[in-house]
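Asks: Line by line, the protein sequences are chains G and E.
Position one of the first sequence corresponds to residue 7 (our numbering), numbered consecutively onward.
Position one of the second sequence corresponds to residue 10 (our numbering), numbered consecutively onward.
These are computed hints drawn from the structure, not numbers from a lab.
Built from N, CA and C at the ideal position, the CB exists for glycine as well.
Be careful, since some hints might not be right.
[What the hints assert, rightly or not] Derived list of chain G stretches under chain E, where covered just means 3 residues or more per stretch with a C-beta under 8 Å from a C-beta of chain E: (1) 75-85; (2) 200-209.
[To be verified] The list that follows gives simulated cross-link-like pairs (lysine to any residue, SDA-like), each with its CA atoms no further than 20 Å apart: (3) G:Lys-184 <-> G:Leu-104; (4) E:Lys-15 <-> G:Thr-128; (5) G:Lys-184 <-> G:Gly-174; (6) G:Lys-184 <-> G:Met-9; (7) G:Lys-184 <-> G:Gly-102; (8) E:Lys-15 <-> G:Arg-124; (9) E:Lys-15 <-> E:Ile-25; (10) E:Lys-15 <-> E:Asp-28; (11) E:Lys-15 <-> G:Trp-127; (12) G:Lys-184 <-> G:Val-43; (13) E:Lys-15 <-> E:Phe-26; (14) G:Lys-184 <-> G:Ile-194; (15) E:Lys-15 <-> G:Ala-131; (16) G:Lys-184 <-> G:Phe-46; (17) E:Lys-15 <-> G:Gly-102.
[Stated by the list, open to error] FRET-style restraints, in silico, Cβ to Cβ: (18) G:Ala-230 <-> E:Phe-20: 22 to 32 Å; (19) E:Ala-52 <-> G:Lys-184: 40 to 50 Å; (20) G:Leu-104 <-> E:Ala-60: 25 to 35 Å; (21) G:Ile-59 <-> E:Trp-21: 16 to 26 Å; (22) G:Val-55 <-> E:Phe-20: 33 to 43 Å; (23) G:Leu-104 <-> E:Ser-67: 24 to 34 Å; (24) G:Leu-66 <-> E:Ile-46: 29 to 39 Å; (25) G:Lys-184 <-> E:Thr-50: 42 to 52 Å; (26) G:Arg-242 <-> E:Val-68: 16 to 26 Å.
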Amino acid sequence: MNMHAVFLMLTVFLAATVEVVEMATIVLGVGMTRGWVSTFLGGGVGLLVLAGIVGGLGPLLISIPIAVLRMIVGMLLLLFGLQWLRKSVIRISQRGFLSGNDEEEATTERESGPLRHRIDWTAFALSFKGVFLEGLEIAFIVVTFGAATDRILLAVYAALAAMVIVAGLSALARRGLKRVPGHVLKYIVGLLLTTYGTFWAVEGADLAWPGGDLAILGLLALYAVASLAAVWFLHRTPLASSPGNA
Amino acid sequence: MLSYVKQFLRFWYRFIFGDDLIAASLVIAGFIATYFIARSTSARPFWLLPAVVLLSLSVSLFRRARSASKER
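Next up, chain E with everything else stripped away, as it sits in the complex (with noise of 0.2 Å):
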């Protein structure tokens, strides 16, 4: 029984962070601040998400370029 339950949080872990924790930390961050400005403001912030996923698409590939210029 637990190990089935391992194997349903293990596959939710890896269906929504992958194997970048930080890219989609950005993401659930960009979304929760686009969802509280939204509720809380007359402001209609619909491009922040979209900035966000940008921003988190080119963090991520960065570190992985960074990351792979310092292996060579």
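Extracted from the complex, chain G is given alone in its bound form (with noise of 0.2 Å):
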């Protein structure tokens, strides 16, 4: 293996790890919080839907409008994660984050009871989108790079190396995040949902983000710092009442 393909395959794997990282983040996050039957049948028809168009597409795969679907997949998860931000920032300024056990929590055990047959619409839709967008972003990354140095089967390689390695240590995490209160887990979702959301949304209008994918960090960090500040002005001013669920 010369030079060229060792480069090739890096830079291939380090591309597909970033978004092999938002899609374990979106699935993990989303199974974590509405039960994981839902979240993979909606990860696994996205990734039937995406097989079936690379399969049917080829190389003519980057003819496809990737701005419109980051502009939709975007704006869609931003509504729905702003939603579940705002509900836990109002929880946690009633209950802190140290507090579990609430009903929340079990949301997480609810398909080993009477409704595991039921399937999560909302759950399927959000892994669905995470999944078929970032994989898409993927095939889009081996076939620029692998049809530009004529190493198609080396870029596979690579992104399918990202892949396994990432859903390894997702399931490490997992275990980890199973200590997590559920209000929480709902409150660092909502804020990653929100962070990819805006990151996309302004990516599908055409502009570039300061500093490329490092913006996601920085977008963290300000709805981190801005969410926090209000669980502290909500705390001084409690609330009436619980919100719904989403």
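Quick one: dock chain against chain with the hints and give me the complex.
Replies: Structure follows, in structure tokens:
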């Protein structure tokens, strides 16, 4: 394997890792808060649709208007994430970060009960969008770099390696996240969905973020600080009733 | 058939607007403004949408705090 091939694999691996981390964050967050069956179902259908499109179009894939997809998926994730963020800010201001065993924690367990045969369409839609959009971006990376250097198979291997490694790390992270109270987990997921949603929606409007993908961390910090300030403010101004579930 | 259509529309309404129509409408308006400013001028208003998101969150929480204080 020559130097060009190593450089290609490393580039595709790193670029794909960024996208897979985004995909895994959404799937992990939604699965932990809404239940796994519908989340995996949504992600699985997203992968199937993606495989159909990639298989059908092949190298023509890059003609898909990805900006439009980013705009639609970004806005939907942003609008939904903001609802969770708002509701969890209210809950944390009422209960604090450390109290556990509320009714929301039961949502992670609910698929072991009689509701397990029902599909949670919210979890399905969130997971589908995350997997489909990020998967499409990974396919773009593979096709763009692989076709440009005429080494498409190497690019596929590099992207697959990124997926396997991030999936393994996500499985490990899930064990640790089980100890986090339900309302705090919902706050984290709301924060992440709002962050990714904003990032993609702005990119979909054909605007580049300063710092590229690093802007995600800036947005996350901005929203975290603002929401924690809101928790502090609401804690001093107690609310009368709890918000409903999303 | 009609009930499925209603359920479908209700799902998407809840997904997009939830229980705060004003907060969601603010964000949608912020995105539309970002899109058209980016398309029709040389400005790069990438900061506009995050600013509107923070505004929407503040307005929504403030309205809720105010209505709660009225109830007391």
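Asks: Next step is simple, just say for each hint if it's right about the structure.
Replies: Outcome of the hint check:
1. By the rule of at least three residues with a Cβ nearer than 8 Å to a Cβ of chain E, the coverage given for the segment 75-85 of chain G holds, with 5 such residues.
2. For the segment 200-209 of chain G, the stated coverage by chain E holds: 4 residues have a C-beta nearer than 8 Å to a C-beta of that chain, and at least 3 were required.
3. Simply put, G:Lys-184 and G:Leu-104 have alpha-carbon atoms about 14 Å apart, close enough for the 20 Å limit, and the pair holds.
4. Straight-line distance between C-alpha atoms of E:Lys-15 and G:Thr-128 comes to about 16 Å, which keeps the hinted pair within the 20 Å bound.
5. A distance of roughly 16 Å separates the Cα atoms of G:Lys-184 and G:Gly-174; the hinted pair therefore holds under the 20 Å criterion.
6. Taken as a hint, the G:Lys-184 and G:Met-9 pair is broken in the structure, with Cα atoms around 43 Å apart against an allowance of 20 Å.
7. About 18 Å separates the Cα atoms of G:Lys-184 and G:Gly-102, which keeps this hinted pair within 20 Å; it holds.
8. The straight-line distance between the Cα atoms of E:Lys-15 and G:Arg-124 is roughly 19 Å, inside the 20 Å bound, and the hint therefore holds.
9. This hinted pair checks out: E:Lys-15 and E:Ile-25 have alpha carbons roughly 15 Å apart, not beyond 20 Å.
10. Proximity of E:Lys-15 to E:Asp-28 is assessed by CA-CA distance (about 18 Å); at most 20 Å being required, the pair is judged to hold.
11. This hinted pair checks out: E:Lys-15 and G:Trp-127 have alpha carbons roughly 15 Å apart, not beyond 20 Å.
12. Taken as a hint, the G:Lys-184 and G:Val-43 pair is honoured in the structure, with Cα atoms around 17 Å apart against an allowance of 20 Å.
13. The hinted pair formed by E:Lys-15 and E:Phe-26 meets the criterion: a straight-line CA distance of about 16 Å does not exceed 20 Å.
14. About 13 Å separates the Cα atoms of G:Lys-184 and G:Ile-194, which keeps this hinted pair within 20 Å; it holds.
15. This hinted pair checks out: E:Lys-15 and G:Ala-131 have alpha carbons roughly 17 Å apart, not beyond 20 Å.
16. Of the pairs offered as hints, the one joining G:Lys-184 and G:Phe-46 holds, with about 18 Å between alpha carbons and a cut-off of 20 Å not exceeded.
17. Taking the CA atoms of E:Lys-15 and G:Gly-102, the gap is about 38 Å. The hint is violated against a cut of 20 Å.
18. Range check, G:Ala-230 to E:Phe-20: about 29 Å between beta-carbon atoms, so the 22 to 32 Å window is met.
19. At about 46 Å, the beta-carbon gap between E:Ala-52 and G:Lys-184 stays in the expected band of 40 to 50 Å.
20. At roughly 32 Å, the beta-carbon separation of G:Leu-104 and E:Ala-60 lies within the given 25 to 35 Å, and the hint holds.
21. The hinted window of 16 to 26 Å between G:Ile-59 and E:Trp-21 holds, with their beta carbons roughly 23 Å apart.
22. Against the hinted window of 33 to 43 Å, the Cβ-Cβ separation of G:Val-55 and E:Phe-20 comes to about 19 Å, which falls outside the hint.
23. Checked against the hint of 24 to 34 Å, the pair G:Leu-104 and E:Ser-67 passes, with Cβ atoms roughly 26 Å apart.
24. A hinted range of 29 to 39 Å for the beta carbons of G:Leu-66 and E:Ile-46 is consistent with their spacing of about 33 Å.
25. Between G:Lys-184 and E:Thr-50 the CB atoms are about 49 Å apart, so this pair conforms to the stated range of 42 to 52 Å.
26. Against the hinted window of 16 to 26 Å, the Cβ-Cβ separation of G:Arg-242 and E:Val-68 comes to about 18 Å, which satisfies the hint.
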